[in-house]
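Participant: The residues making up each chain are set out below.
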Amino acid sequence: MPSAEMKNRAELMDFDKALELFEPVLGFEVHVELNTKTKMFCGCANEFGSGANTNTCPTCLGLPGGLPQVNKKAIESSIRLGLALGCEIAEHSRFARKNYFYPDTAKNFQTSQYDDPICHDGSVTIELESGRLVTVEIERAHMEDDAGKLTHMGGATGRIQGADYSLVDYNRGGVPLVEIVTQMIEGAEHDAPEIGRTYVAAIREIAKALGVSNARMEEGNVRCDANVSLRPRGSNVLGTRTETKNVNSLRSVERAVRYEIQRQAAVLAGGGTITQETRHWHEDTGITSAGRPKSDADDYRYFPEPDLLPMAPSRDWVEELRLTLPEPPAARRKRLQAAWGFANLEFQDVVNSDLLDAVEATVAAGASAQAARKWWTGEIARLANAAGVAADSLVTPIQLAALIELVSDGTLTDRLARQVLEGVIAGEGTPAEVVASRGLAVVSDDGALIAAIDAALLGQPDVLAKIRGGKQQAAGAVIGAVMKAMRGQADAARVRELVLERAQAIE
Amino acid sequence: MSEITAEQVAHLAYLARIDLSPLEITDLTHDLGQIVDSIAKVSEVATADTPATSHPMPLTNVFREDVVVPSLTVEQALSGAPDRAGDKFRVPAILDEE
Ligand SMILES: [Zn+2]
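Those protein sequences? They're chains X and G, same order as listed. Residue numbers for the first sequence follow my numbering, beginning at 1024 and rising by one. Residue numbers for the second sequence follow my numbering, beginning at 8 and rising by one.
Read the hints as simulated data drawn from the structure, not as lab findings. Values in this document were obtained by computation on a predicted structure and should not be read as measured data. All C-beta atoms in this analysis are idealised placements derived from N, C-alpha and C, irrespective of residue type, glycine included. You may find that some hints are simply not true.
Quick list of in silico lysine-lysine cross-link-like pairs, DSBU-like style, CA-CA up to 35 Å [said to hold, decoys possible]: (1) G/48 - X/1130; (2) X/1268 - X/1130; (3) G/48 - X/1121.
Stretch-level coverage of chain G by chain X, calculated; a stretch enters the list once three of its residues show a Cβ under 8 Å from a Cβ in chain X [to be verified]: (4) 59 to 70; (5) 85 to 92.
Full structure from sequences and hints, please.
Facilitator: Listed below in C-alpha cells is the structure:
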C-alpha cells in the first residue's frame, strides 16, 4: 500500500460503540443527469461515449458570443422529477451563475440555481429491510449544467495527487442535471448507512421510472454527495459535518456513511475536532480522505444569470405534467409482488438484478411469473454475466415468453430450451425458428421412441430380465441408452413409461 | 458613503483571478463605492411590494426545443486552446483542488 494511503487511513471506532456515544445526522445531495437529446443550454448532443470534444459549441465552451438557450425538455423533466418527489413547483424560477475557476468548466462558472430553485419542499418515504419506514424531506431540487471530464495524467495513482497535468473533454460540459438536496435527516441511528443506500436507490428508481434519466450509476448518471455529522448523546448542538463526494454506487453510499460515522467518532472521542471539509471516497480501499477545507474559494458570488430569462411554469403546464407521472416505484413493487405471489427473497432477487421490467413484460406476453423469474434470474442472468452485458439486452420478453410456452406445451425440455435460448441470443430467429432449424424438439413420436427402446432392451438382455422380474429401478440403464440414442431430445418420464411397457410386451 | 473597503476589492480581485496594482485597488474601491451608493438610492424608491428583478425585459419561459444541432469539429473546438494532447485540452494539474 502506498504511503499516502497509510497516512489517509484514519482510526475508526467500532460502529455500535460510535452509536452509543453519538447520534449521526445525515444529508444527501444527489445529482441526476437527464437523458435529453441535447445539452441544457445549447443544441450539442447529450451522449455518453462519443469521441472527446466532439459535442461542443461556443456556448458550452464559454467562448465569446455564445448565448445560452434553455432546453424545454430539460425543464419538463425537472418538473416531473420534482412532482414525483412530492415537491412544490416554483411559480417563478431563475438560473444563477456559480463562479469558480477550475478547468472542468471553460465558462469559469456553473449555470445553476440559487434562491429560486424550480422544485422545493418534497419528501420521499423509503422502506428499510427491517420494514422500518423513513420519510426523507427534500429541501429543493434545482437545475444546473454538468462539468467536463478531467483525466489526471502522470503521478502514480492516476489521482490528482502527484499528477503532472490534466486532460479535459468538454462533451459532458453543459449536460442537464437536477440536484436533489435533502433536509437534515435525524433519528437515523443504526440504520444510517442503510438509509443512505436506500434513499439513493429510491431516487434512482424514480428517475428511471419517469424516463428522465438513464439512471445508471456506473456511468455517472446518478451521483451522490453524503453529508455526515455526529452529535454527542444528550446534546442538541449539531456537530461539524463533512461532505463526502464521489460516492457513485449504492454499496459505496452505505460504506461511506458507515466509515464517516466510525472515523468522526474516533476523532471526537480522542478529543479532536472535525474539520468542515469535502472528503473523497475511495472505492478500492473503502476509505475517505480529506479534500480541501471550506475556504475563500467557496465564495461563489452567485448572481442571477443575465443571459437567461426567468421561468414561470404555468399551473396548467404543471398539472398536465403531473398527469404523466407513472405509478410510484414503491407502490408498483408491492402490487407486482402480490400479483406474482413471489416470496420476499425471490422478489428481491428480481429487483436487485434490475429485472422487474423484464419479468413484468414477459408475464404480459403470456408467461407464468415463476417461469419468467427463473429464466431471467437464472440462465439469462448467467449468460449476461459471462458476456458482461445487461440480461435484458440478450433476449426480448416476447422471445422468452415464446420459449417458456414451448416448454410448457412439452415441445422442449428445460435442457433443450437452454439450447434454443442460445440460438435466439445468437440471432438465429424466434424460439420456434431455432427449434425448427436446429431440429431440437422433443421426440414425441412414440414410434421412434419405441424403436429405440426395443433396440436398447434387446441390447441388454440381463437388464430386460431384471425389469421383467419386477426390478423397475433397473430401467435406468435402458433409459440412459435411449436418451443418448435420441440425443437428449426425448421426455425422460415418457421414455421410462414406455420402457416399462415394452419390457413386458417385447418378444 | 458605502462600506466598500480596499480589502474587499483585493479579495474580489483574487476570486476573479485579476491582478490589480495598489493604485488600481484604491481607484476601484472608490468607483465601486459610488456604484453601491447609487444602487442604494434606487433601492430607496422601490417599495416593499416591488418584486426584485434580475432582467430588464418582461419576458419569461423562452425555451428551445430539444433538437440536436451540429457541434464544432474537434479542430475548431481546440483551435483556441493554449495546449492540447490528442483530442483533449491539456491543462496544468491544480493541486489544491479536488
Ligand atoms: Zn454546446
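Participant: The structure should be examined with respect to each hint, and the outcome stated for every one.
Facilitator: Hint-by-hint comparison with the structure:
{"no.": "1", "hint": "G/48 - X/1130", "verdict": "holds (33 Å)"}
{"no.": "2", "hint": "X/1268 - X/1130", "verdict": "holds (23 Å)"}
{"no.": "3", "hint": "G/48 - X/1121", "verdict": "holds (27 Å)"}
{"no.": "4", "hint": "59 to 70", "verdict": "holds (count 8)"}
{"no.": "5", "hint": "85 to 92", "verdict": "holds (count 3)"}
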